[in-house]
Structures are given as C-alpha cells and as structure tokens.
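In order, the protein sequences belong to chains A and B. Counting along the first sequence from 1, when you hit position 125 you're at 125 in our numbering, and nothing is skipped either side. Counting along the second sequence from 1, when you hit position 234 you're at 234 in our numbering, and nothing is skipped either side.
These are calculated hints, taken from the structure and not from any lab test. Check the hints yourself; a few may be wrong.
[Stated by the list, open to error] Sample of chain B residues facing chain A (criterion: CB under 8 Å; computed from the structure):
#, residue
1, Arg131
2, Pro159
3, Gln375
4, Thr377
5, Trp509
6, Val511
7, Ala514
[Stated by the list, open to error] Partner residues aside, some chain A positions facing chain B, computed with beta carbon under 8 Å:
#, residue
8, Leu14
9, Ala16
10, Val17
11, Thr35
12, Asp38
13, Tyr70
14, Pro79
15, Leu82
16, Arg84
17, Pro142
18, Val143
19, His250
20, Gly254
21, Gly278
22, Tyr294
Glycine residues also receive a C-beta, built at the ideal position from the N, C-alpha and C atoms.
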Amino acid sequence: MTIRRERLLLLILLAAVIAVWWSAWGAVSGGLLVTVLDAGQGDSILVQAPSGKTMLIDGGGARGQEASGYDVGREVVLPALLARRVRKIDMLVITHPHQDHIGGLKAVVDAVPVKLVLDPELKDDSAEYRELKAEIRRKKIPVRRATEGQQISLGDGIRLEVLNPPTPRLEGTDADANNNAVVMRLTDGPLSMLFAGDIEKTGAQRIARWGKSVQSTVLKVPHHGSVGSAIPEFLGAVRPKLAVISVGAHNEYGHPSQEMLDELNRVGAQVMRTDRDGAVTIKFRPPKWWAWGYGTRKGKGRTLSGEVSR
Amino acid sequence: MEGILNRPLVCIALAFAGGIALVAAWGSLSLWALVGLLLLSALACAWRRNPQAVGAALLIAGALAGGAAYSLSELRPRSDVSLLPEGGQTLVGTVSGVPRYSDGVWRFALTAERHEQGAGSEPVSGVVYVRLRSDRPVARGQRWRLTGRLQEPRGERNPGGRSEAAVLSALGASAALSVGGAELAEPLGRGDLSPVSAHAFAAQRRALGLLERYVGGPYRELTAQVAASVIFGVHATPPPSEITEDFRRAGTIHLLVVSGAMVSMVFGFVFLPGALGAGWRRLLVERQMGWTLSGKGRVRRWPGLLATVLGVAVVLYYAILTEGGQAVARAAFMGVFVGLAFALRQVPAVAKEHGLNIDPYTLLGVAGLGILVMQPTALFQPGFQLSFVAALSLIYLTPKLERFLPGVPRWLRIGLAGTAAAQFATFPILAWHYGQAPLGGFGANLLAVPLAGVVLAAGMATCALGVAAPPLAFLPGWVTGISTRGMIWASSAFASIPWLSPEVTRPSWVVIVAWYAVLVGVGAWLGRQAMATEARS
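Bound conformation, chain A alone (with noise of 0.2 Å):
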C-alpha cells in the first residue's frame, strides 16, 4: 500500500470515528432528560429540564431497609444527583406513601436543597412516612397537594400536568393508595412521558378515561409491572413506543408480570427494564427520543431511539 492510500485510508477511518463519537455525545447533550434509577424494588425517576430545573419522583425504598443497613437514597439516589451535577432540586414528588417510593428520600431531603415537595397527602401512619414528613417540615420546605389538573412548567415549553390523583380521592378500591397515587404526564412538543405511579386497575381506568389524549411516546409502566395493573384499556390509550418498568431482580413479588409483559407487546412498545438494563436514561429532543440502559449484569447496554411525527 502506498503512502498516500494509507493516508487517505487513516482519514476515512478518523472520520468515520468522529462521526459515530459526534452522535454518541449528541445523542446524550443538551436536551430534556429523564432517568428511571435502578433502585430496586422501588421507584425513583430523574427529571433534568434544559432549563436547569430539575425534579425527582419518589426516592425508592425497600422493605426492611433499614435493618439491613442498606439506605438506596444514600447508595443509589445520592450519587446519582451528584453525578448528573443536581445541586438542588425544585420540585420533589412522591407519588404515595409506601416504602419503595419514599424510603430514600429522607436521605436525598437531609443532602440536597429542596424547593417544593409535591405530596398526594394519603392518610399513611408509617414510621418512615412520618419521619420524612417531620424532615420536610424540620427543613421548612413548602408542601403543595397534588390533585389532577395541576400543570407546573419545567422552562422551555416543557410542561407538566397532574392527571391523578382526583379530588376528593378514590376510596373503597382495591388498593387506594396505589389508585390515588400522583399520575403525571410530561410534554416536549410532539414527545411525552406517562409517569404511572404504582396505579392498578381503577386509577388506570380513569386515567384511560381522562378527558383529553394520553397517549405517551415513553410510559413508565404503574407498578412495577404488576398483573393488577396490566389494564388493556389502559394501555391501549397511552399506546407508548417505550415502556420502562422500574423493577428489582428477582423480586418476590414476580413483577413483571407476564400479563403486562404481554399487553405491552400487544401496543407495540419497546420494553426497558431497570432489573435488566439498569437505570435507563431518556432524552427528548423533539422530535427525536433516544433511551439506553446504564448497563445489564452482562455488562452489555442497550440504546433504542425513535421519532415522532409534529
């Protein structure tokens, strides 16, 4: 090979380099971005605005962390924020009082600044309810109650509107805390995102029901995927292209359910999940979406993208 061919051959391939890095580092810069932590069996979703507002739904948890020393707002949550650089955080929801939403957060609102707590404020008596509750109030931030039609913008257009709970809330269901739990649905322009809670079949069924369109381009699946919330009817209305199920490995409640794992299937979306991908990271840049895992037990990462017409 002559000098100049192998010169003309080395700049082919630094440029086919630079192009696949440029769209590597695209794909992650600027942007609205949304990340599903891997935080067990338990929820807790990182929502960063280009503008620079950021908010965090629910801190996970699981049962009995406390005496296993395990905190996952100390070990998951917290590094987390640091490395995605949040140094404050202007709007913390819980979406309802059970251990694996909010077991975190008491570490998260003791480390990070908090601007608004957004609280279904569900009758709960548990001790880590409590003590999360007596730190918010110890740290004077200001508690807004969600109720549906709420709408908070995140800057840039980006905005957010509460679809559950309703007021006065859902009693005499199957689990009411999970059916009031907050419901919101995130919009970029043509993009969305469905932030489910851990709603089953009621909460879903009025959702479907909800007056206006919910169809979501990224759903994050009620309930860890659980059967009681693998509502057809639900699904059919959101009909998302990406479907991430925050879920623990090996859980003992078999979540997901083959049911939801089935339904989702049946509409067409792509399936992440937080047991098998880790935390999974979504950016919007309408009217383009990418997702990808933090990484999987093999250590192989996924990344799905995809457009949606304006």
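Put chain B on the given structure of chain A with help from the hints.
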C-alpha cells in the same frame, strides 16, 4: 504494530486472548472450529513442514488453549457464594478487607468458607461484601458466622456508579450479605490467614494510623484519607464520595485504586538504587523497540542480586498489602520478570551468549498471558483492559508522539506524550464500561500523576519515619499533605467544567475497532516518518 509477529510470546498471548473472546462470544461451536483448524494446520505442517505452517499451528493451539481455559473456568463445578440462592443465608468466613465503619454499619469483604443450613453445612468459596449493623468491633483476619440476606451484586447500574458494583468488583466479591443486627453475627476467633497476609494487613493498619497522625496541611483528616487511597488503594480508607466523584469525572480515579504506575514506582524505589549500586550507571537504555540493560565499568554482582530479590519481594508484598486488582497483578508480573531478567544478567554465561534486551511488548504479553491463564474471565474486566491498553499505548505511542514536541525538556515531553497516549487509548474502554468520556483527563492527569508520585514517596517516607524517628515524620507528612491537596485541587478543577466529562452512549464495537485501527495506523505512520527523517539526516 511493527515487528509484533516477530515476538512469539506476544503472538501466543494474543492468540490465547482471542480464543477466550471467541468462545465467550460464540460458545463451544468456536472451540470445535478451533480444534478443526488445529487438525488442518497440523496436517499442513506434516505435509509441507514450513515454518509458517508451524507458526500458524502454534497460534491456533494458543487460541484453543485460551478457549478451553475459558470454557473450563465457566463449566468447572463451583461452590461459589454467588451460586447460593438470594435471601436468608448463614455464612462462615474470614474478614479479608479493611472493615469500614459508618452510621452504625460495618462494611467489609468476607472470604466465605462454609455455608450453613439448618444442622448441616457445606464448604463454599468466594468473597461476599458484608454490611453488618453492629457496634461490635470487626477486624481484618477475624472469623465470623453471619446470618443475613444474600443478594446478587448490583453492577454499574446507575449514574454515579456508587452502587455496589464499584465496591464489589474491586474487592472481588460475588455477592452481598446484609446482616441486620449484632445478634446475627458471631465472632469465631482469628482466621487462618497466611503469616505474610496477616503481617501485610497489620502493617497496613499501622501505616494508615501513621498517615492520619503525620499528614500535614489543610483539611488533615480528608487529606490523609486521599493520601492513604493513593498509597494503599481506595479500600483502605475511602475518601468522601464528592472527592472520588471529582476524580472519576476528571479521569484521575486510577490514582485512587493503586495502578500499575504505583507498583512500578514502588519497584523502582527498591530496585533502582541497588541496580545502580551494582554498577549499572545507565540501567535502562531506551532503544527504538525496547530497553537494554547495559553497564559501564566494573559490575558488582551482589548489590544487583540483592536489589532484584528485594524489588520482587517488595512488589509482591505491596500487591498483597493493597489487595490490588488487575493493574497491580500486571505490574507485579512485569516487575518480577524485569527482576528475573536482571538476575539472569548476573550469570556471565547468559549475558555473554545472549546480551539482555528487555522487550516491553514481550514483557506485557507474558504478564497478560500469566493473568489470563490464572483467570480467563479477566479479559472482560475493565481493570484488565484499561491497564493493558494504557501500558501498551505508553510503550507504542509515547515515543512517536514525543516527536511533536521538539524543544520541550525530555521529562516534560515524556509526561505530555504519555498522558496523551494513555488518554487516546483508554477513551473507548471508559465510554464502553462507564458511559463517560473524561475529556479533561489529559490536563488533570498531567498535573495529578507527578503529584501522585510525590504522595507515594513522601507518604512511604512518613510511615517509615513514623516508626523509626517519629519527630522527623512531620516533614514528609507535610510534603504528602501538600501534594495530596494539589492532586485534589487538580481533579476538582477539571471535574467542575461540565463539558469536559460528558456522558456518552455505549459505542459499538465497530467504532472501537476503528478507533484502535486509527491509533495503530497513526503510530505506524509516525514511526515511518521518524525513520525517513533519520535516513535523510
């Protein structure tokens, strides 16, 4: 890379690694394919008897050996703790890492010996990472019976990477055990540590105490923690997460986990004075392709042999002391082989017959082969990949990149070119495993690496003087403190620039292959340019 096919050991190491990768990717089918190829090449050897056919057969045999070793390591019936079902389990084992205590919880590595179930028990192997909620003191080397919840380790699964993965993989642990209270933990006395390990652990405890006492400068406690991490690895006394996060973002985290460079420095501290004492005034004369041991004047044999034995012993002791990972294993291997080469040089007949060229590629190949033979799965560990790729880039690219810096003093030229070479080479691996591209690594490493050398030397002097002449230990203690602060400052400064450490999606293997093809191509082209320039002049 030029002339690489003339290095049989490197070729065999590469073939061995290739065999592992093949079998890992395509399973036993590739093993049968390799067997078939070996038979074909053996037939070709018998038929033609030319050296190329023999070489090909040897390479295929090497790949087959690699593939077989990997298959065996995967298929071997294991009694590893990771194979136990998740949930409540009782384990008996020895504390094999430095226990850390915070917020009422002990955290340590436990080398498991037995798994107890009801009245029966069975032997198990492997290391578990234990979280024990207890105020009772825990010491390294103690045996414990612990009952708790066993969990599969969580990998690098979240931004920030401070989930269990970082800790567990560094400790070689294959599961985590959460023990809810002191009543579930029963001490069974001192473990069966080897005398050398017990001595190393005791020495490390003492050294950590001395560092805490004598390291000077601002924020003494924090500075001592970081200095201890530089000298003994991050398990010793982990610094606060804010500091480690800054080091990670700046691409200088390798300085906190005892890298091959640290082992080389330790080896150098012991080996070089003795070697120079032996009369080797220019011990390592760098040639184009490697290093040559050469001496002028009278050679004294005993100081050289003493330096060799001491250097090798200290490196092995340091490897135990720091519970080092793949980088330490690589550097220790290389140190031992340099020592052996030097020892051989003392034998006049060998020196006269063969001279003694130390080829760094061969040295690296032998070290890699040694590690892979012992642990084939190491090929897929980031520590192994980063260590070997960085070392290879230092050997291959640094001399070529130096040409771009004419007029710069040689020590600075080597530093600049070496840092750039290591950054270029480790970039795809960092992106693949950690999803980050520490672009600030070049500047941060340029400042922090020389300071780490000072921290290592001054820190060791602090420990030595702390034992021998305590009133004098404050002097190196201050040097340790100031240089450690410098390292922290350099890393924090580069980490604070957001666009210098962006997150990236995982690159495809095509990009990685293309990246290394470009690096090798650029290296080859620069090498040829250099030769052409030399020929012209």
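Against the structure, the hints:
| no. | hint | verdict |
| --- | --- | --- |
| 1 | Arg131 | holds (5 Å) |
| 2 | Pro159 | holds (4 Å) |
| 3 | Gln375 | violated (16 Å) |
| 4 | Thr377 | violated (11 Å) |
| 5 | Trp509 | violated (11 Å) |
| 6 | Val511 | holds (4 Å) |
| 7 | Ala514 | holds (5 Å) |
| 8 | Leu14 | holds (5 Å) |
| 9 | Ala16 | holds (5 Å) |
| 10 | Val17 | holds (5 Å) |
| 11 | Thr35 | holds (6 Å) |
| 12 | Asp38 | holds (4 Å) |
| 13 | Tyr70 | holds (6 Å) |
| 14 | Pro79 | holds (3 Å) |
| 15 | Leu82 | holds (5 Å) |
| 16 | Arg84 | holds (6 Å) |
| 17 | Pro142 | violated (28 Å) |
| 18 | Val143 | violated (27 Å) |
| 19 | His250 | holds (5 Å) |
| 20 | Gly254 | violated (14 Å) |
| 21 | Gly278 | holds (3 Å) |
| 22 | Tyr294 | holds (5 Å) |
Checked against the numbered hints given earlier, this structure breaks hints 3, 4, 5, 17, 18, 20; the rest are met.
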